[in-house]
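**Q** One letter stands for each residue in the lines below.
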Amino acid sequence: MTVRVTRTDDGLVLGSPATRPEFSAILEAAGAVLVWDVVTEEALPAAIVWDPVLATEWAWQIYGVEVTTALLAADSSPFAAVPGAALESARVVARCRWARSWWPASHRAAVPALDTRLLDLQEAAELVELEHLLDDSYGVDDELQKGLRAAEYLENEVPPSLPGVVAELIERIRSSADDRGIGLDPIRAEASEGAQGEFALAAGAMRAVDVGTDSTRPIAAGSAPLDLSRVAPGTADAAAEARWSVHLIDGVTVIEVAVERAPRRGSESAPQPLGADFAGVSLELVPNGASFSGRATVPSGILLTRPEERTLTIASPGYGDGWRVDSAALIDAARKALARALTEAGEGSAGSAFTTVAEREAAVRA
Amino acid sequence: MSIVASPSPHPGIGVPRTLAIAEAWSGLAGVEPFTGRTGSPLARTVKLVLDPLILRPAQNPQLAPALLSLEAAARLRAAISAAGHDLAAAASWFLLLKRERRRAGITEGNPQELYFQRAYELARLHGTPEADADGVAAHTLAGIHDGTRLAFAELRAHLSDPRVGREVRRAVEQVWVAAKCPAPAVPRDRVIRFLEVCAQEHGAAEEFMTLVKAGAGSASAVPLMRKGTARHLGLTDLDLPEAPEPGVSASKSTLPLPFDRSILERLFASYTAIADSGIEVEDLVAAEIQRSAGGWQLAEESHRVLLLAASLATSLLASEDDAEAAWAERTDAGERLLARWHREPFVRRALRLGEPASETKHVRKAIMRRLWARLHGRELRAEPVLANEAWQLIDGAMRSVILDRRSRVKAAIARDLLEATA
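Protein chains in written order, with our numbering: chain F, 1 to 366; chain R, 1 to 422.
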């Protein structure tokens, strides 16, 4: 395959990276970021190279040996790429990370959740093979630790659809961990809890009162589309809309907001709350049954605002800047992946499947 | 999976060193424990065995660069092939050491880190393991894990002893008063010249050594005793750094900024570096007292130079309330750090991570602190920075700061398996 080379102010670009973050499966290598487009499903990544000399150390293991000339030559001639020995592992790690970030799990659109333990397991198993080319090789042991924990769970709960593949990954994780003297470490849970405290909800947001069951008929109601780039992974259903309604309860004007929760698998704990802003009123939406919901009293004057001012935005704390993700396109991509995963699961191949083990398991389950 | 075969040479450009190594490696037999699934040697094999024991780039500079001439590549392949027998024997020794480790119930340390070099030494000494090999392996392991690990409680008990506390205070006072007047300041131009080349392969080591020899690091530490300077660099919360207390407790969650740490807290922060060093508690404390009075509160001149260089390179990242933001120097190294910073939003979006708002301002301080901590750890491990590592350390400190920010966000949103088991 011929790969285009473009020189930029900051280095060079191989191929054409996906322009939308939600379709970019990435791996941060030493001197370059590799970018796979999850829509086009090409095996070879594009690369945004910021240190060409550093990248020559591993690039031949992704693109084949011709890439060295392309990285270092003064001109921008395209080069002929062939899949290198590290390509498969690199692509799988990037895809696992993409899936963890962007997989559009949805009850509404019938996109099953991926099992995060399978993602942890496969990502760690492949990451070990990439230690020499990563921008940050220190993180490998942490991922291995996560993979080991996932292995612990999955051992007693092997997905019936993929027993061989999962057993092989468990075996690989254990052997890598053993080589490095890594065992399950109880201190880790504590560490992650400590970090949690630093991420409190923005001050000033009104704490929502519990949503009761005494909902009266709303005085006004509406809905607003959800922007997935403004909510954390694993929170809202990818096809959900945010719904709002204003009620009069005992003479008090109350607003209620609700968003459907995303299906999850492999992670039992409740997701973090979401923040909502309705016409300048902030409220917190807490996980509550099948949705996130919240309620707050508002000045009665809120009903006098013009309809176009009654905007509702939903955002996870810390997710201020969104870029309007096209959920439907993301769901399309996931459906295509599931179809492919179903075929690959049927083939039972452990080796060169395009989809991740988690996608295959979800496809069979669905 | 196999190595890509028959690479075409790149006349005038050279052969990637990693490629030449992988080619030679694919011709070896019996080296599986040293090999990754892609068929190349593991990163640790290269770092711990091939480079220091076989290729020795310091002695064979033509085998050192990331891109080798065709001739050097051929020499490198020949050197690895010639060591094939030793490597296969070392691989067997490694497996033996690991078996012995399991048998002895040892769980501490990373077996690859700890045993790779020993395995190679054993191979050179004894060849392929024979009948008595189990005994040799057990003996070797006993030497590596000799049980003289210094318990942190021992260190704390020592410093908590009122008599020791008084002595430490007195010693600290003495060295702080006697802190030497350093060499005259080295012109800023020289540091800038270093920052222009430090991220490149050529000239970096030379410029670095020039600065070290001139005492540039020590000289640059003087302004740290000016009001607010060290605080702007994130090294203290005080206007002026104060002499450290002996300290009676230390904990990760309440560790003060580097210059505000007690002697105990300093040693605690790099504890893994000293636990196995075999150094006596008294010597450890005495060295730390001395270090606290040194320029940048470190002992090695090369480390002070690195902090000086980093303070200049990170000035492009200084927040607006930092006086230095106004006269930030645009150097190659600084631009590279800035570029790393600018890449971050792209990566964070692709990974769907939010932004912890409170931290964007303080990245420069965080980098300086991280670098200081790493250099301090190196001093305790008696592992001084090599001239050609300077850039890796500065860039590595920044990368580590960025990754920490990401993990904090992840921890906040994921509440994943770890949480579920807690």
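Do not rely on the hints blindly, as some may be mistaken.
To be verified - Some, not all, of what chain F presents toward chain R, calculated at C-beta under 8 angstroms:
#1 A85
#2 G139
#3 V246
#4 D250
#5 I302
Read the hints as simulated data drawn from the structure, not as lab findings. The C-beta atom is built at its ideal place from N, Cα and C for all residues, glycine as well.
**Q** Hints broken by the structure, by number, lowest first?
**A** Hint check: 3, 4, 5 fail, others pass.
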